[in-house]
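Protein chains in written order, with this note's numbering: chain A, 405 to 548; chain B, 4 to 135.
FYI, nobody ran anything at the bench for these hints, they're computed from the structure.
Mixed in with the good hints, there may be bad ones.
[Claimed, not checked] Cut-off 27 angstroms, straight-line C-alpha distance, at most; resulting in silico cross-link-like pairs (BS3-like, lysine-lysine):
1) B:Lys-58 / A:Lys-474
2) B:Lys-10 / B:Lys-119
3) B:Lys-58 / A:Lys-519
4) B:Lys-58 / B:Lys-117
5) B:Lys-119 / A:Lys-474
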Amino acid sequence: VPIVTSHDLSDETRIRQLIENWTRAVSSGDREAILSHHAPELLMFDFPPHIVRGLDEYDRTWDFFYDSPKGPISFVPSELQVTTGSDVAFASCLIHCDGTSAGPLDLRLTVGLRKIDGEWTIMHEHHSVPAIEERFLPPNASQH
Amino acid sequence: MLDDESKIRTLIERWARAARTGDIEGVLIDHSADIVMFDVPPPEDGARGIDAYRKTWPPFFKAQGQNGSFEIVSLDVTAGADVAFAFALLRCGTPAELKKHPEKRLRLTMGLRKEKDRWLIAHEHHSFTLEP
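Throw the hints in and build the complete structure from the sequences for me.
Quick look at the structure:
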């Protein structure tokens, strides 16, 4: 049985809350709150653009969410898994997104965090959707 | 003795070499039983567990053929005492694909944890940017 100390538990809880608060900020369009736990030197793999460096560029990736929405924005995580160390952590989840001009979208998200001055800070985000490329499909899948 | 960042770099470079040469055991060797992988192809919700992870590789090996590239172009590792993450860009594809799209890069993020003084990969996320 793994030993779970209260320290581990509270760090995991803090990171869960951070990610849940971030997704709520996206849903409500609170642009300041979206950025509030990110490092200035953040590097993001988005879809597209390919690579996003730094907070200003990161901020601009959210423009399309709010420029011409089709309805209320929702950005809802599920299957959130958090792996926490004493000073570095990572998390993965699925996100269901709706209301933007892109229509409903299911994406996969990975986040890398570092504890800086006692605060968990997002250093890296990877957002993607699966690619339907024929060469990657198993042989039986192409028959459908 | 190597520091944690160097150990993780070596581990990821070894993994990429195994992926390039179609060495399935070499690909699997440093992974946790509970790995969660978001792969380039579907399913959208990922391959969960080492058996599901193993099954993602044979179709890839087949598509890559004998001369496919799986080459790390850049690698950034953030290592803590017991948990780490890394992100990388790779040149990935057959010679014909890379000739057609020379700048196309696979984006890779990994999450690792240290168990019994050994780093294990517990999460992988592979993707290509959507074509404009």
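Hint check results:
A hinted pair counts as satisfied when its Cα atoms are at most 27 angstroms apart, and Lys-58 (chain B) with Lys-474 (chain A) does not qualify at roughly 39 angstroms. A C-alpha spacing of about 14 angstroms is found between Lys-10 (chain B) and Lys-119 (chain B), which places the hinted pair at or below 27 angstroms, so the restraint holds. Using a Cα cut-off of 27 angstroms, the hinted pair Lys-58 (chain B) and Lys-519 (chain A) is violated, with the two alpha carbons roughly 35 angstroms apart. As the CA atoms of Lys-58 (chain B) and Lys-117 (chain B) are separated by approximately 25 angstroms, the hinted pair is consistent with the 27 angstroms bound.
Between the alpha carbons of Lys-119 (chain B) and Lys-474 (chain A) the distance comes to roughly 51 angstroms, so the proposed pair goes past 27 angstroms and is violated.
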